[in-house]
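Engineer: Given next are the chains, with one letter for each unit.
2 protein chains.
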Amino acid sequence: MDIRRRNNVTVTGRTDGPVLLLAHGFGCDQNMWRLVVPALAEDYRLVLFDYVGSGKSLPAAWSEQRYSSLAGYAQDVLEVCEELDLREVTFVGHSVSAMVGVLAAATAPERFSHLVMIAPSPRYIDDDGYRGGFSAEDIDELLESLESNYLGWSAAMAPAIMGNPERPELGQELTTSFCATDPDMARVFARTTFLSDSRADLKTVTVPTLILECRQDVIAPPEVGAHVRDAIPGSTLVTLDATGHCPQLSAPQATTAAITDFLGTRR
Amino acid sequence: MDIRRRNNVTVTGRTDGPVLLLAHGFGCDQNMWRLVVPALAEDYRLVLFDYVGSGKSLPAAWSEQRYSSLAGYAQDVLEVCEELDLREVTFVGHSVSAMVGVLAAATAPERFSHLVMIAPSPRYIDDDGYRGGFSAEDIDELLESLESNYLGWSAAMAPAIMGNPERPELGQELTTSFCATDPDMARVFARTTFLSDSRADLKTVTVPTLILECRQDVIAPPEVGAHVRDAIPGSTLVTLDATGHCPQLSAPQATTAAITDFLGTRR
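For the record, the sequence lines run as chains A and B.
With full-length UniProt numbering, the residue at position 216 of the first sequence is 216, and numbering never jumps.
With full-length UniProt numbering, the residue at position 91 of the second sequence is 91, and numbering never jumps.
Check the hints yourself; a few may be wrong.
The following residues of chain B were derived to be distant from chain A, with all beta-carbon distances above 10 angstroms [said to hold, decoys possible]:
id	residue
1	ALA71
2	ALA106
3	THR107
4	SER145
5	ARG229
6	PHE262
So the derived label-pair ranges between C-beta atoms look like this [what the hints assert, rightly or not]:
id	chain 1	residue 1	chain 2	residue 2	range
7	B	GLU137	A	PRO59	40 to 48 angstroms
8	A	ARG215	B	GLY129	45 to 53 angstroms
9	B	ALA180	A	PRO109	27 to 35 angstroms
Covered, in the sense of this in silico footprint (three residues per stretch, anywhere, with C-beta under 8 angstroms from a C-beta of chain A), are these stretches of chain B [what the hints assert, rightly or not]:
id	segment
10	171 to 181
11	213 to 221
Hints are computed from structural coordinates only; laboratory data are not their basis.
Ideal placement from N, C-alpha and C gives every residue a C-beta, glycine not left out.
Next comes chain A alone, as it looks inside the complex:
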C-alpha cells in the first residue's frame, strides 16, 4: 500500500522546520488549509493529506467498517506519520479531526509534541450536564436529511457551517467541497462524526494543547470550548475574533497568529 498516494500526501514548507501535520474535517480535504499554508510554510515543514474517502485519496482504500469509527481516521494519521517517519509532530486538526488527533496521540505518543484543535467538539449531542448544541433528534434529522439528498443538504448545510454571510464565496467553497465528496463515504463520515462521544479521550492528552474557537460557531456553542479546555489540564483556549466554523478560511491571519504564538515562533 502506497500511503502517500492513498492519502494524497503533500509535503511543503521549510525542509528543516518543525513538522505541522494539518488534518481536515468532514466534507473537506487539504485544500481547507490553502489560506494558512503560505505563512506557515515560512517556518514549518507542512504535511497535508486527505483522509481516505475525502479529496483525492484513493477510493479503493475505503471501507465502511474502518471509517465508521474515529479510530479508523486516526489510523490514517498514524500511517502517514510512519510512512514519513515524522517525529515531534504538531498535529493541527480541524473540527472532528481535532478529536482524531487526540486518538492518534494516545496511540503513538512518541510522535506528537503539540496539539492544535480548531473548532473541536468531543460530542455534538447534549447530555446531562453537557451542552453540545444539538439534541439527539437534531442529529437524527441532520443524518436523515443528508441520506435523502446529499447535494441539497450540502448546499444548505455548508454555508450555515461557514457563517460569514458577508462573504458568500466562503460558503460556496465549502459547498463545493462537500459536494465533491462521495455521498456514501460522506454518509459514513457524517455518522461517525456527529454520533461520536470522545469526551473520555480528552483526559489522555499529555502534550501542550491549543484550543482555537470562534466567537460564534453553529457547530459548537462556547460551552464546548470551555469543556475541552477544562478536560485537558494545562491547555490553552483562545477565542478568535472570528465567526463560523472554519477560521482557517474565514480568518486565516488570526488563525496563523494564534498557532505561531502558541508554538513560540510568531514573527
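Following the hints, put chain B in place on chain A, whose structure we already have.
Structural biologist: Below, chain B without anything else, positioned relative to chain A:
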C-alpha cells in the same frame, strides 16, 4: 391605487381579535410567517402583506427612490393600516422590519399599541462604543457580492443567515425566497437595510415593546439585542432557546409563546 393589491394584503384569523400586523424582512415575503400563523390565528386578527418589491406585491408600484430609505417601507405599513383602518395594532417586524415598525409608530402613534421586534438591528456596522457585528468593509463586500451575482449570493447567504444546519430545508426555503426576489429591487432593499443606522429612532418608541433574539444569530451579535433593550425604556428582551436569524421558521412554537406571553394571551 389599490393598496390591498399593491401589497398583496392577506387578512386571516379571528375576526374580532386584536390586530397583529406581521411584517417580513429583506428577501422574504409574508410566507415567512407560515409556521406561526396557525397558532396566532386562534386569538388574533392577522394582517400579512408583502412590501413593494417583495413577494407578490405589484412591481409597477416600486420606485428606487421610495425604497431607498426605511421610511419608504414604513410608508407601505402606514398605507396598509389606513386602507384597513387598523387601530390598536401590535406590529410584529422581523429583522429590518423591526426598525420599519419603529418608524411607522413614530409617524402614526395613534395606530400602534405594541411592538414586537424579532432579531432586530438598528445598525449592522460597528461604530465607536457600538458593536453591530460587521465592519464597513464587510458590508461593502456583502453588497458588492450581491450585485455581482445575486443568485449565487443568495444560495450561500440565505443558509448562513438561517443557521440550523441540522435542518437544511430551512436554509433552502430562505434561499428560494431570496432567489424569487427581483435582483434590482433586492439590491436596493439590501443597501437600505445594511447601510441603515436607526439607533436614534429607538428613543421615539413609547409603546410596550418586546425584543426577541436568538442565542446565536449571524446577523446580530448579543450586544445588539442589549443595545435595543437599553435604548427603549421599559422594553423586554427575551432570548429564545433558538439559533439563527429566523426563529419564526426555526422555532415557531417558542416564537409564538413569547409573543402571546408578552401580550397576555397565552393559552
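Engineer: Against this structure, judge whether each hint is valid.
Structural biologist: Hints, one by one, checked against the model:
With a closest Cβ-Cβ approach of about 25 angstroms to chain A, ALA71/B is found to remain outside the 10 angstroms limit, as its non-interface label requires. Every beta carbon of chain A lies more than 10 angstroms from that of ALA106/B, the smallest distance being close to 29 angstroms; the non-interface claim holds. The beta carbon of THR107/B sits about 31 angstroms from the closest Cβ of chain A, which is more than 10 angstroms, so the claim that it is off the interface holds. Look at SER145/B: its CB is around 6 angstroms from the nearest CB on chain A, not clear of 10 angstroms, so calling it non-interface is violated.
Its beta-carbon lying about 20 angstroms from the closest one in chain A, ARG229/B satisfies the requirement of being farther than 10 angstroms from that chain. Every beta carbon of chain A lies more than 10 angstroms from that of PHE262/B, the smallest distance being close to 26 angstroms; the non-interface claim holds. A hinted range of 40 to 48 angstroms holds for the C-beta pair GLU137/B and PRO59/A, which are about 42 angstroms apart. Look at ARG215/A against GLY129/B: about 18 angstroms separates their beta carbons, and that is not inside 45 to 53 angstroms.
At about 56 angstroms, the beta-carbon gap between ALA180/B and PRO109/A misses the expected band of 27 to 35 angstroms. Here the segment 171 to 181 of chain B counts 3 residues with a CB under 8 angstroms from a CB of chain A, which clears the bar of 3, and the coverage holds. Look at the segment 213 to 221 of chain B against chain A: 5 of its residues bring a Cβ nearer than 8 angstroms to a Cβ of that chain, three or more, so the hint holds.
Going through the hint list in order, the structure does not satisfy hints 4, 8, 9.
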